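Asker: The chain contents come next:
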Amino acid sequence: MNKIPNRQVICETLLELARDDRDIMVLASDSRGSAAMAPFANAFPEQFVEVGIAEQNIVGISAGLAHSGKKPFVTSPACFLSMRSIEQIKVDVAYSATNVKLIGISGGVSYGALGMSHHSVQDLAVTRAIPGLVVMLPADRHETKRMTEALVSYEGGAYVRIGRNPVEDVYESDNYEFTIGKAVTMREGTDITIIATGETVRVALDAEQTLKEEGISCRVINMHTIKPLDEEAIIKAAQETGSIITVEEHSIHGGLGAAVAEVVVQHCPVPMRIIGIADEPAIAGKTAEVFNHYGISATNINRVALEMLKKHSSV
Amino acid sequence: MNARMSNTELKIKAAQIRMDLFKLIYTAKTGHTGGSLSNTDILTALYYRIMRIDPANPKWEERDRFIASKGHSVESLWCILADLGFFPKEELDTYSQFGTRLIGHPNNKVAGIEMNTGALGHGMAISVGMALALKKDGKGCRVYCLMGDGEQAEGSVWEAAMAGAHYKLDNLIGIVDRNRLQISGSTEDVMSLEPLEDKWTAFGWNVVSINGNDMDDLVRAFEAVPTVVGKPTLIMANTIKGKGISFAENVAHWHHHVPNDSELEQAMHELTALIEQLKHEGQV
Chain B
1 MNKIPNRQVI CETLLELARD DRDIMVLASD SRGSAAMAPF ANAFPEQFVE
51 VGIAEQNIVG ISAGLAHSGK KPFVTSPACF LSMRSIEQIK VDVAYSATNV
101 KLIGISGGVS YGALGMSHHS VQDLAVTRAI PGLVVMLPAD RHETKRMTEA
151 LVSYEGGAYV RIGRNPVEDV YESDNYEFTI GKAVTMREGT DITIIATGET
201 VRVALDAEQT LKEEGISCRV INMHTIKPLD EEAIIKAAQE TGSIITVEEH
251 SIHGGLGAAV AEVVVQHCPV PMRIIGIADE PAIAGKTAEV FNHYGISATN
301 INRVALEMLK KHSSV
Chain A
1 MNARMSNTEL KIKAAQIRMD LFKLIYTAKT GHTGGSLSNT DILTALYYRI
51 MRIDPANPKW EERDRFIASK GHSVESLWCI LADLGFFPKE ELDTYSQFGT
101 RLIGHPNNKV AGIEMNTGAL GHGMAISVGM ALALKKDGKG CRVYCLMGDG
151 EQAEGSVWEA AMAGAHYKLD NLIGIVDRNR LQISGSTEDV MSLEPLEDKW
201 TAFGWNVVSI NGNDMDDLVR AFEAVPTVVG KPTLIMANTI KGKGISFAEN
251 VAHWHHHVPN DSELEQAMHE LTALIEQLKH EGQV
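Chains as they are written, first to last, in this note's numbering: chain B, 1 to 315; chain A, 1 to 284.
Treat the hints loosely; a few may be bogus.
What the hints assert, rightly or not - Straight-line Cα separation of at most 35 Å, DSBU-like style, residue types lysine-lysine; simulated pairs: (1) 182(B) <-> 109(A); (2) 227(B) <-> 231(A); (3) 109(A) <-> 227(B).
Keep in mind the hints are simulated off the structure, nothing from the lab.
Being a predicted model, the structure only gives us computed values, none of them experimental.
Chain B on its own, in the form it takes in the complex (with noise of 0.2 Å):
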């Protein structure tokens, strides 16, 4: 099991690219130890803005910056980020068409024990409704590594939500093709598609697995990048697996399943299944847990995904 968390990932890529590129900068609000930043701010002070427990502030300063010719990454806990500082995202970065890069640390339901104040299971809601937000999570340590190197290149403001704890690797390295907005086919099939982003790409993996063992063939689509949607991936897979299950660590509401769903509807309607976190305030509890009550898990995906298929052959 892979004992390195996705947001020391980020920390080491920013310091290899710093190096040489000192308009890499990064912002903490007085969460430098939770974003695994302080070997940044260690290294390169000159490069580390620290602005106290003031998440609109970090937002608005890294517009300000960015503006000004830096590439900030402001690593901030998602929960605050996505929600107390959303008109900064919405105005300073996305209006003003900032080169600021949003990292979202802690999210999902990382502070599962913390309750609703700390859980962001409406970001990708919010975020993927304001234009010219890119908006994306990795899956694990070396799609984030890919994503961050992605993000010092891009230009323009994007949003990147990480949870907190070390996730098991889905890929075996970081040798793949990453492009922002491209998903990546983690299995192919013909039955059935399970489309999952961040870490439950990792669920959809272990689902996919058991249904093998069912003779049923799923196909596993990474959505890792939410916005701009890869709409072609999604038709595809309509089209070629008739059934679609779609699983995330957010809101079954506004996030994959309804970026996945909008697709659907409109150019190749086919059952799907959407399945995340309730409408309510999330029960507490660790990250596997909380998944477990809400059926992110493969014996739940393997469960919904028999009963799509037993209705579609019964039609």
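Put chain A on the given structure of chain B with help from the hints.
Answerer: Okay, now just chain A, sitting in the frame of chain B:
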């Protein structure tokens, strides 16, 4: 570079800008009249005397930056940018019309506008970021951020104020257009701001209080910056909302009142008389 006008020329220019913006709002039938009138002298001093800018090269790296945090008072700014040649004067006719770039708030699709503003309480944080980047790059440029007084109720203003002092940004100049009126009435009735100067001082800024409709005061204050090395400057520009047009002065509903025919006529009459008087004084 800018025109570097004399104080008398600046006063005449301010009166002309007031005429322009009044006509602009009259024609478009929309606008924030009172606030644009109260900040006209501030903007005129900055754009025609104080700031290093080049209308022919709006992205000039060595330029001073201006952020209109009180973005709704944009009419005076549009008139000034047009007058300086950032965009053709004829384009002013499109103000607030369908599909225009000249909307009711600063729009960075227009040359001379750095950032989109309009949501109050955003400008100072952006300005802090700019001033910080300019310092890090060793550039001598300054950042001017114009805020409204009603805007001071936004908590984000104070987050940014703290950061400006923390990072010792003496290249940052905040200006409060202290006209004491906001849309619902007196700022002190809506949400008490006083003692406002003490608040900025307590947040680590060097506060300079002036008459923000007095050109001599404005020029003197801006030319003295930075008054304290290592501290950002806050210019408390005590102004009159609706300044320069007798019947609009200190009347809250002129916040976004649109002049009718007779009001337009009277305003033009008053401002023309003022310009004549200033020209006459200038010759003496």
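Asker: Hints first: check each against the structure and report whether it holds.
Answerer: Evaluated hints:
no.: 1; hint: 182(B) <-> 109(A); in the structure: 30 Å, holds
no.: 2; hint: 227(B) <-> 231(A); in the structure: 42 Å, violated
no.: 3; hint: 109(A) <-> 227(B); in the structure: 24 Å, holds
Hint check: a violation occurs at hint 2 only; the rest are consistent with the structure.
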